[in-house]
Amino acid sequence: MTVQKLPIAKAINESLRKALDTDPKVLIMGEDVGKLGGVFRVTDGLQKDFGEGRVIDTPLAESGIVGTAIGLALRGYRPVVEIQFDGFVFPAYDQIVTQLAKMHARALGKIKLPVVIRIPYGGGIGAVEHHSESPEALFAHVAGLKIVSPSTASDAYWMMQQAIQTDDPVIFFEPKRRYWDKSEVNTEAIPGPLHRARVAREGADLTLVAYGPMVKVCLEAAAAAEEEGKSLEIVDLRSMSPIDFETIQTSVEKTRRLVVVHEAPVFYGSGAEIAARITERCFYHLEAPVLRVGGYHSPYPPARLEDEYLPGLDRVLDAVDRSLAY
Amino acid sequence: MTVESTAAARKPRRSSGTKRASAKRTPQPQSSEPPLVQLLSPEGERVEHPDYQIDLTAEELRGLYRDMVLTRRFDAEATALQRQGELGLWASLLGQEAAQIGSGRALRDDDYVFPTYREHGVAWCRGVDPTNLLGMFRGVNHGGWDPNSNNFHLYTIVIGSQTLHATGYAMGVAKDGADSAVIAYFGDGASSQGDVAESFTFSAVYNAPVVFFCQNNQWAISEPTEKQTRVPLYQRAQGYGFPGVRVDGNDVLACLAVTRSALERARRGEGPTLVEAFTYRMGAHTTSDDPTKYRADEEREAWEAKDPILRLRRYLEREGLADEAFFTALDEESETLGKRVREAVRAMPDPDPMAIFDHVYADGHTLVDEERAQFAAYQASFVDADPAADAAIAAAGAAGGPGASGGTGVHEGDR
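Here the protein sequences come in this chain order: A and B.
Residue numbers for the first sequence follow the numbering used here, so the first one is 1 and each next one is one higher.
Residue numbers for the second sequence follow the numbering used here, so the first one is 1 and each next one is one higher.
No false leads were slipped in.
Result set (BS3-like, lysine-lysine): computed pairs, CA atoms no more than 27 Å apart in a straight line:
#, chain 1, residue 1, chain 2, residue 2
1, A, Lys110, B, Lys175
2, A, Lys112, A, Lys102
3, A, Lys112, A, Lys18
4, B, Lys175, A, Lys25
5, A, Lys48, B, Lys175
6, A, Lys25, A, Lys35
7, B, Lys175, A, Lys18
8, A, Lys112, B, Lys175
9, A, Lys182, A, Lys18
10, A, Lys35, B, Lys175
11, B, Lys306, B, Lys227
Simulated from the structure, these hints should not be mistaken for lab results.
The model shown is predicted, which means the values in this text are computed figures rather than measured ones.
My request is simple: use the sequences and hints to build the entire structure.
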């Protein structure tokens with residue numbers, strides 16, 4: 001079967017399975033990724049089928065996981081590493097920033113680091129502290145890393161294929177609260193480039209840029225806005241480094257208004273980068289300043305408050321209204 | 001092989017006993033030093049060890065001596081070049097020649113080395129041209145050699161990080177079914193890093209063929225070893241389930257024998273070993289450091305008597321294994337090396353400014369392409385300053401096209 005309706009988690013699982021099957025150098029590493037299949041079951045069944053030598057339960061030490069993945073990559077392997085939750089990546093931050101990101105340049109291109117770091121990220125699952133964060137900007141700021149996040153099962157499948165084939169380190173942010181959302185995956189399709197944005201909905205009055213878990217929120221906001229006679233275009237960014245500014249620019253030159261939506265805190269977030277660059281590129285097209293909707297400059301709140309903290313349909317529409325009022 | 005000793009913490013060597021708050025809470029000092037594998041005494045006399053034997057030909061012994069002398073000469077030249085402003089910084093290995101040459105000569109060609117930034121002697125053993133080590137200290141690159149040409153990874157500056165890379169590489173060696181071994185160098189200061197602890201855990205759990213070679217040179221910039229540990233460092237291995245051994249780091253024969261044994265153990269699939277080479281950093285941490293602020297001259301003088309090169313020379317002379325012609329020829333070779341290094345460094349050109357954008361990614365990145373093109377256009381805008389130079393810069397950047405936002409033309413050439 002080439003076209004299936006799959007949840008995002010299962011699409012990633014199928015993609016990892018295909019990679020393990022087709023390239024003997026691909027390894028899966030992480031905490032509980034073996035028998036358990038990961039706490040989100042994304043690697044479910046892979047160790048059973050490919051063995052403990054390919055799907056490796058690691059000691060509980062994130063720096064060790066990424067550091068040894070670097071060593072394995074230097075030996076010619078293509079490790080796909082799982083960090084169990086977004087808030088647990090920081091012990092590995094040193095290895096990612098000082099070693100993984102810079103080693104190719106340090107070696108003047110003579111060695112390559114094809115390492116994928118999977119991070120289930122974002123809120124909305126009622127979790128305890130450190131299980132709901134969106135640290136993508138902390139990685140996008142670092143040269144040498146590529147940062148992507150899918151919002152559909154098809155993208156989850158194909159972007160994982162492409163990330164594993166990339167000769168650069170890729171941080172693969174998985175929208176954990178969308179893991180169970182189903183959509184169609186064509187496993188024989190020819191995918192577009194990994195870092196190209198996708199117009200998820202066409203519209204005429206305003207552009208919403210989002211990625212990962214916020215794409216669904218924006219689609220819902222656009223449906224609600226349509227009832228009020230407003231036509232919103234949605235760009236699913238897919239890649240936070242590099243960013244496909246051409247697709248955003250094309251959209252904004254048409255709609256003349258832009259709102260960027262992400263779960264991560266607004267301050268120094270990817271919305272700031274997009275606002276600055278689109279303002280430069282589209283200064284004479286814009287009818288309103290670029291607005292941003294995202295998390296606040298506070299620690300991610302306790303679960304009972306996360307619906308207030310996370311951008312929802314109403315917060316997005318509030319920003320849409322403010323933009324249209326200019 | 002078993003852990004050499006399970007002795008409790010010794011009395012720290014530099015702390016005054018009277019400063020201890022409570023003798024009851026402090027492990028009782030041991031009356032004897034922990035065992036130290038030694039095959040050549042500071043006086044240059046061969047001594048036997050029950051677990052480690054070595055039998056080298058006169059030529060091999062002269063070879064080790066030559067390695068140490070040339071490494072020290074190169075190191076002295078680099079220090080001088082820093083003082084002359086040719087290098088921005090130098091991290092001298094003075095005093096650690098035996099630890100590095102002994103361990104370095106224990107390696108096979110197919111073994112892989114993960115060094116710190118001070119392993120100039122190991123680099124020498126691996127056949128890395130000494131002048132290649134100086135690029136990063138001059139500031140023309142961050143590491144100018146191909147790691148896979150000599151199985152010698154780039155110098156790692158962040159303390160301890162490379163021990164995990166070595167462990168991962170060794171895990172890969174085991175997966176490949178190869179009988180190569182991997183060696184990770186680090187120091188007494190690095191022993192406090194979490195990455196080193198994690199590398200011990202990972203290598204033990206996966207039984208990785210890696211040797212952890214710790215040069216305990218007694219000082220981490222200004223902090224003595226007792227600021228890092230309450231037990232002799234080699235004893236840390238026991239807690240992870242693999243052997244640890246302390247070797248006289250100024251004894252090239254012992255360092256060779258112990259490292260060789262640890263590498264063979266790794267090849268046999270018996271897992272990691274921690275070697276603590278007990279040595280001394282005779283110089284400053286780097287040329288930016290001033291040891292007179294924190295350590296006494298007497299300590300350095302005591303270690304001078306244990307000099308690694310002097311003791312092997314005494315042995316060679318006593319046993320008639322090298323004649324005056326050998327030493328004279330080596331002096332000449334040293335001076336030739338110094339001159340070659342000096343000339344090579346002075347001739348080392350500054351990199352092309354466009355090199356900022358090279359090798360950031362293996363598969364390209366549109367932002368790098370955009371910024372490269374912008375920078376080239378900016379450089380080319382200085383038309384009146386030096387037309388010839390500007391033309392060259394413009395040509396270098398032209399492939400991306402001034403102002404081009406997503407050009408990939410320049411990048412293709414970088415792959």
